[in-house]
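Asks: Residues per chain, in single letters:
2 protein chains.
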Amino acid sequence: MKLCIIGFGAVGKGVSRVISMKKEILKEKYGLDISVVAVTDRSGAAINPDGLDTDLLIETKEKTGKISEYPEYGVTDVTGIHVLNQVDYDCLIEVTPTNIDDGEPAKSHILTAMNDGKDVVTSNKGPLSLCFSELIEAANSNNSIFKYEASVGGAMPIINFAHETLAGNEISSVQGILNGTCNYILSRMANEGSPYGQTLNEAQELGIAETDPYQDVEGIDAACKIVILANSVLNMNVSLKDVQIEGISRITPESISLAKKEGFLIKLIGEASHNNLEVSPRLVREGSPFAVDGTLNVATLRTDLADDVTVAGKGAGSIETASAILSDIISIWKSSL
Amino acid sequence: MKLCIIGFGAVGKGVSRVISMKKEILKEKYGLDISVVAVTDRSGAAINPDGLDTDLLIETKEKTGKISEYPEYGVTDVTGIHVLNQVDYDCLIEVTPTNIDDGEPAKSHILTAMNDGKDVVTSNKGPLSLCFSELIEAANSNNSIFKYEASVGGAMPIINFAHETLAGNEISSVQGILNGTCNYILSRMANEGSPYGQTLNEAQELGIAETDPYQDVEGIDAACKIVILANSVLNMNVSLKDVQIEGISRITPESISLAKKEGFLIKLIGEASHNNLEVSPRLVREGSPFAVDGTLNVATLRTDLADDVTVAGKGAGSIETASAILSDIISIWKSSL
Chain R
9 MKLCIIGFGA VGKGVSRVIS MKKEILKEKY GLDISVVAVT DRSGAAINPD GLDTDLLIET
69 KEKTGKISEY PEYGVTDVTG IHVLNQVDYD CLIEVTPTNI DDGEPAKSHI LTAMNDGKDV
129 VTSNKGPLSL CFSELIEAAN SNNSIFKYEA SVGGAMPIIN FAHETLAGNE ISSVQGILNG
189 TCNYILSRMA NEGSPYGQTL NEAQELGIAE TDPYQDVEGI DAACKIVILA NSVLNMNVSL
249 KDVQIEGISR ITPESISLAK KEGFLIKLIG EASHNNLEVS PRLVREGSPF AVDGTLNVAT
309 LRTDLADDVT VAGKGAGSIE TASAILSDII SIWKSSL
Chain P
9 MKLCIIGFGA VGKGVSRVIS MKKEILKEKY GLDISVVAVT DRSGAAINPD GLDTDLLIET
69 KEKTGKISEY PEYGVTDVTG IHVLNQVDYD CLIEVTPTNI DDGEPAKSHI LTAMNDGKDV
129 VTSNKGPLSL CFSELIEAAN SNNSIFKYEA SVGGAMPIIN FAHETLAGNE ISSVQGILNG
189 TCNYILSRMA NEGSPYGQTL NEAQELGIAE TDPYQDVEGI DAACKIVILA NSVLNMNVSL
249 KDVQIEGISR ITPESISLAK KEGFLIKLIG EASHNNLEVS PRLVREGSPF AVDGTLNVAT
309 LRTDLADDVT VAGKGAGSIE TASAILSDII SIWKSSL
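Line order of the protein sequences matches chains R and P.
Going by the numbering used here, the first sequence opens with residue 9, and the numbers climb by one from there.
Going by the numbering used here, the second sequence opens with residue 9, and the numbers climb by one from there.
It is worth saying that the hints were derived from the structure and are not from the lab.
Possibly wrong hints are sitting among the right ones.
Any copy, or any two copies together, can satisfy a pair, since identical chains are not distinguished.
As the list claims (entries may be wrong) - Only pairs whose alpha carbons sit at most 25 Å apart, straight line, appear in this in silico DMTMM-like list of lysine to aspartate or glutamate:
#1 K342 - E36
#2 K74 - D85
#3 K31 - D58
#4 K342 - E145
#5 K31 - D315
#6 K37 - D312
#7 K10 - E80
#8 K269 - E294
#9 K31 - D316
#10 K37 - D316
#11 K342 - E172
#12 K268 - E294
#13 K37 - E172
#14 K115 - D96
#15 K269 - D301
#16 K37 - D315
Okay, chain R solo, but in the shape it has when bound (with noise of 0.2 Å):
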């Protein structure tokens, strides 16, 4: 299985690192031989039909921060566009930065990959939270396999677990903490009675909360994750502006203090169903599974006949994220058999 990784930040080089891990094991237990054929960043190419070395690579990118400085096989002047066309790969991995205005570079990489009839895995929230419908009816006309777990929680598997696991289940609704840097700040919060632009702060130094956190703490990411649950789990048509929004901005350690007088905590609770869908902070009752500390998302499915069923993980980082892809990969190449 050729593959051709477009963006080459922490998902990217996580993807490589884990190939680096997993190559063999993958050969004896899957039967699957994967190559990374080409790499694309910001400054060029890494290109090598017969296969790149993945920890060269990372070792590359670290060292000079251009995957183009790649020995003998790095090239210059390239978009990611024009290696699609003239490598020869079988699947895209698209791990560009995520744009929410109109999803590019990303979108323009998946649909030329998809037109081509390669399949498709990535990570990037910005083309599935503005055109879904666009992207899978490309893939289904295109007989391309369109996969996309790491968009969504990172290594909280969620997505192939609605589709796989609760096969038979109807799943009429998904409510989750989709974003670890809020429930930090949240819970910090909570523990030591700080005020959030403190919090926020603190979340900063420790690079939890980005330098730019304004798409995490006013709830815009968590509304992404909703937009591609609705689609992908609930088989809605909907993207980013059908989505309320509110974040976490607002909320003092007075509300946060009041709520657990009575045995509640506030977190930003994402909710898509057929009637709602909204990104809001929420009281949540201690002993649920929503009352988790830390960085971690989770979400709940409620379905017709398992009831409410709930899976949590890291929601960010770049090996766990890469796992999320791997077991994509894998399931690619098993659908492939």
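Knowing the structure of chain R, use the given hints to seat chain P on it.
Replies: Relative to the frame of chain R, chain P by itself:
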């Protein structure tokens, strides 16, 4: 797909009800046409090669207590083994009561079906926790598919989750709250400060604890599940006698309130790893995924890539357990395509 349901208590009836509910959808969505050709209980059997009426099966059992009273097709004086030897079927649904002394009669039912090359789905913890490797060998040597999701945690889908959704990950341990009765008793003791004996009595009055609560409160039921998880998820080869077991009957309200002051809860935790097979009361931090109330089951898988991943769901219930059996049936059907 012709099913033979051996055992027609809460779980067997649940399976029958779920098939009634989902018959048309399964045809549409998966092209799966299920027919129940035989059902047995202690009274005898109902057998019809053209398919029994799943609603009438439930009605007959609820009205008369005997499946042998099924109109026209009811028979007495037959055992499960007779039926399996005489009826033409594709898949055995073994849902007789769990027997942890010798696993019978479930063990013989399962081996009979496998030796005949039939697929098997079971919720029965007995044979799985006493002679797992014998069953797996029989399945492998007869090319029979063997699925048992419902045997651990009812509607909490942990086994297929580990095998399919987390593909690519190596799992090093499983920890969990695997007995809903114990978790209910401990939660009420924590919330109300009530002593163990009184809380158990109340749970019995509510039908949450059984009249003979021994296997639940002394940790045997959880230990059976730990054995099944160790064998199936961690590829170990162990049985019930290998588990160190301590139940909850000696826990006092005082120890619970002492723990609470320090921010901890007391939960009955099962653990399976290559170094440890244990069921015992442990301290669990508030805000952790194990800090759940009520009859919920929760399990955390420690993985090499995805870090800790947790699933939670109803540990018992007729329809919930049947949901797990249905997902196994669908998975067998898919792999036959």
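Asks: So, for every hint listed, does it hold in this structure?
Replies: These are the hints, each one checked on the structure:
no.	hint	result
1	K342 - E36	both (14 Å within a copy, 24 Å between copies)
2	K74 - D85	within (12 Å within a copy, 78 Å between copies)
3	K31 - D58	within (15 Å within a copy, 50 Å between copies)
4	K342 - E145	both (22 Å within a copy, 24 Å between copies)
5	K31 - D315	between (38 Å within a copy, 19 Å between copies)
6	K37 - D312	between (35 Å within a copy, 16 Å between copies)
7	K10 - E80	within (20 Å within a copy, 61 Å between copies)
8	K269 - E294	both (11 Å within a copy, 15 Å between copies)
9	K31 - D316	between (37 Å within a copy, 22 Å between copies)
10	K37 - D316	between (33 Å within a copy, 22 Å between copies)
11	K342 - E172	both (14 Å within a copy, 11 Å between copies)
12	K268 - E294	both (9 Å within a copy, 13 Å between copies)
13	K37 - E172	both (20 Å within a copy, 13 Å between copies)
14	K115 - D96	within (20 Å within a copy, 53 Å between copies)
15	K269 - D301	both (18 Å within a copy, 18 Å between copies)
16	K37 - D315	between (34 Å within a copy, 21 Å between copies)
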